[in-house]
Amino acid sequence: MTEPLFPQPTGTMGRPYRRYEAHEKVNGTATYASDVRLAGTAHAYLLASKIGRGRIEAFDLTAALAVPGVVDILTHETVGGQIRQTPSLYTGGYAADSVRPLGSADVAYWGQPVALVVADSYEAAREAAQKIDVAYAVAEAASSFDSGGAEHSELEQHALRVGDFDGAFAAAPFKIDAHYSTPVQHHNAMELFATQCVWDGDRLTVYEPGQYLNNIKYGLAEQLGIDPERIRVVNAYVGGAFGAKGFLTQRTALVALAARRVGRPVKLVATREQGFFLSAYRAETRHHVQLAADQEGRLLAHRHEGWELTSRADLLAFGGNGMTVRLYACPNIESRVNVARVDRSTPGFMRGPAEVPYAFALETALDELAYAAGLDPVELRRINDTDVEPVGGLPYTSRSLMQCFDAAGAAFGWPDRTAEPGSMRDGDWRVGWGCAAAFYPAYAASSSARVRLHADGRVHVASGGHELGQGMYTMMAQVAAERLGVPMDRVSVSLGDTDLPPAIVAGGSSSTTSVAPAIMAACDAIRRRLGLDEGSQGDVVAAMVASGTGMVEEYAETRAHGEAPDTMRRLHRGQAAPSGGIHLEDRVQFALGAQFVEVRIHARTREIRVPRAVGAFAAGRIINPRTAHGQLVGGMIWGISSALMEHTDIDPRNAGYINANLADYLLPVNADIGTVQAIMVPEVDDLVSPAGVKGVGEIGTVGTAAAISNAVHHAIGKRLRDLPLRIEHILEDI
Amino acid sequence: MTDTHDTNAPPSESRRRFLIGSVVTGAAPLMVRGGEAEAADQPAAQAVREPVTVQLDVNGRTHRLDLDVRVTLLDALREEIGLTGAKKGCDHGQCGACTVLVDGRRELSCLTLAVAAQGRDIVTIEGLEGAGDELHPMKQAFIDHDAFQCGYCTPGQILSAVGCVREGHAGSADEIREYMSGNICRCAAYPNIVAAISDASRRMGG
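Residue numbers (this note's numbering), protein chains in the order written: chain C, 1 to 734; chain R, 735 to 940.
Source of the hints: derived by calculation from the structure; they are not laboratory data.
Hints may contain errors.
[Said to hold, decoys possible] For the chain R half of the interface with chain C, some residues (derived, Cβ under 10 Å), not all of them:
hint, residue
1, R783
2, V786
3, Y913
We put the CB at the ideal spot given by N, CA and C, even for glycine.
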């Protein structure tokens with residue numbers, strides 16, 4: 001059996017410490033939001049709309065109220081105007097969407113919460129919710145791009161034009177002109193969307209899994225019309241998030257209001273099905289990619305037009321082609337982004353939100369171009385590698401793309417590949433090898449931290465960040481231990497609490513990039529107070545003893561490169577967002593990688609398997625190779641899943657989701673996954689942040705689907721351009 | 735902990751045992767409480783809402799609980815007894831996060847009614863202990879191989895893994911993958927889970 005390989009420390013890596021919270025997690029004592037036990041708790045159950053658009057004409061609550069144990073039922077009628085509007089995250093606010101919770105009789109999307117039942121028991125709340133009779137006036141709901149009621153528009157701010165695309169494309173010897181699509185997908189973290197709220201007088205405590213607890217705190221204060229300082233949000237462990245828990249969803253205000261009305265703690269654990277509508281999702285996208293190259297394979301023209309889907313309530317598009325057209329050298333570039341607004345909940349961030357769909361389109365098109373030009377796909381990327389992005393001429397802070405291709409290619413055995421599609425067989429299996437680039441912007445944000453050093457050598461580090469499984473506790477302890485020169489087992493960590501110094505959203509792969517510098521700055525301030533140099537020279541405990549000090553505590557804030565002067569004020573209001581990638585004036589910053597996969601397609605059943613995948617990633621400094629390895633491997637498996645399995649099916653009659661459960665929404669189980677190897681390519685980048693970190697949370701998921709579609713083409717000679725790739729797409733002779 | 739069930743029993747026998755057990759334990763509380771006269775006087779829905787006394791043997795301790803007859807074993811463990819290690823990931827038997835050991839076998843506590851778990855030996859993650867002060871070898875192996883990230887599916891994975899080893903289904907990586915496919919890990923720590931189970935299987939003498 002293959003043992004997991006945790007790289008040993010090198011010049012750019014820290015030590016592979018075991019997880020700080022490992023014992024709590026294996027013993028079942030890690031307290032997730034729904035595990036918090038509050039005396040006298042009443043249980044809530046959501047009722048979600050069963051129409052895609054329309055109006056609630058009447059509620060009949062008679063049967064529901066007759067269920068023994070029912071305490072309260074919140075509807076737009078019983079709530080009145082008690083929950084105020086807060087803008088969505090995309091318009092400078094906090095909310096997952098701009099539909100006010102229980103704000104009116106209008107229904108904007110299937111699954112919108114229309115009532116919340118509170119009862120003494122979960123069973124009674126559920127029974128009562130099922131007995132609420134809602135009379136709807138149903139209007140036609142537009143479900144996706146081709147629906148009659150969809151509103152189409154171009155987002156001008158995403159348009160780019162460099163050189164003369166039309167002329168260069170027309171004259172080039174090799175060209176590709178193809179359309180691609182990616183489906184609706186849902187995060188489906190294992191932890192359900194739970195919320196517990198308890199009031200103590202006029203003070204509210206919220207237990208809710210979050211990637212940005214201050215977002216919940218300040219947004220909820222606006223919704224309830226109360227002083228934010230009266231709200232505390234606590235969450236020590238998040239049971240997976242992947243982007244779904246970075247928003248203030250409709251449920252929080254409902255549970256908070258219910259707890260105030262009934263004068264008891266109220267607990268909601270939304271069902272798995274309800275989770276498909278409560279938060280954001282990865283919306284479907286379409287792509288038109290045109291590439292042209294000269295005789296040597298140099299890109300002459302690159303055009304990428306994207307179509308994205310969003311809700312009526314919120315105009316939102318990720319425009320990932322702003323990144324993809326900057327990845328390779330090319331003199332003539334165009335990109336456009338169009339959006340269709342339909343009657344769905346608002347989509348949003350999901351692991352590699354812009355990168356995963358746009359990388360699938362570009363990196364598949366590049367493979368097609370390599371075949372058209374008779375080049376090896378790796379060599380095509382090498383020919384077009386660049387240290388300067390071609391749109392604005394800005395330098396990459398560091399770029400190790402080809403080092404990644406070479407490391408992963410060697411580990412995979414790429415030189416043994418025969419290029420001809422269908423040329424590699426193993427009995428009834430058609431074998432295909434494919435590759436693709438991975439990229440993810442290096443984002444950083446302002447953050448703060450507090451570090452305390454005791455004379456006996458104990459250290460406590462606190463920052464209101466979030467432990468999603470990415471290894472936040474471990475990273476925070478490790479940075480403080482290394483910066484102060486104390487052993488890891490002397491360091492304790494607090495996070496996940498709005499009473500702590502604020503940290504940035506755990507999104508955009510930016511937590512470590514953003515929070516590590518604040519911890520380093522606080523540690524350095526402690527060293528200065530003790531008369532020691534910054535860095536790790538000098539014994540802090542000896543200095544403490546010599547100075548006769550009992551305890552030293554320092555708070556530090558760090559501002560990320562290129563951020564506006566008001567960023568700290570915004571951080572303290574739960575409104576700061578990471579920046580970087582292509583959004584800086586003087587440079588671009590990306591983590592880069594290469595994905596290689598082997599696909600096997602059975603000639604009789606057409607079953608598609610991925611027995612092995614090898615990725616190599618250069619993401620600056622790796623603080624903990626063990627936890628980073630887990631992120632990268634998990635990301636690659638997400639990529640395999642996005643290519644072959646995940647697809648939320650939309651009912652065109654009502655814009656609802658048909659497969660909103662874990663049996664019908666296909667996710668990989670253990671038997672679906674073979675060998676997955678993630679190589680961390682050493683890279684030094686002192687510009688991205690004082691910690692030298694670029695982040696590894698999402699890049700593993702980017703490019704995998706293209707590598708798989710390219711491998712399928714190599715296996716059977718058929719080019720598949722619409723995800724997910726399934727048996728029914730390859731029924732012809734192979 | 736000893737393995738009390740017969741791993742060599744043919745499937746038909748264990749299935750028959752399960753059916754008998756379900757019928758007996760499922761029917762008993764209604765008969766004890768209601769009686770025919772009461773059931774005739776009240777709507778059936780009213781009767782099932784009244785609490786029944788349920789006795790659960792969990793991690794070597796007996797708990798007497800007054801429960802709504804609809805309460806699942808998962809909710810009884812979490813909400814009534816306070817053992818929150820078992821997790822709710824779907825409540826439909828689709829994810830495995832609620833897996834506990836019942837009479838030595840892995841079961842989905844969200845698909846088991848609490849009343850049907852009476853008289854059975856229930857072990858949750860909190861009760862899975864090693865020798866002396868040591869962690870159970872499966873728990874230690876999960877730490878050593880970094881077989882989790884967010885940790886939410888982990889209690890179910892570990893108990894399922896113990897079941898997998900005891901069933902004799904940890905003989906190879908492929909076998910482990912197959913017999914651990916009832917437990918979804920969305921963080922996708924699967925390769926490390928397989929390595930951890932293989933390692934622990936050796937330490938458990940599996």
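A quick look at each hint next to the structure:
1. R783: holds (6 Å)
2. V786: Since chain C brings no Cβ nearer than about 12 Å to V786 of chain R, farther than 10 Å, the hint is violated.
3. Y913: holds (9 Å)
Hint 2 alone, counting from the list given before, is not met by this structure.
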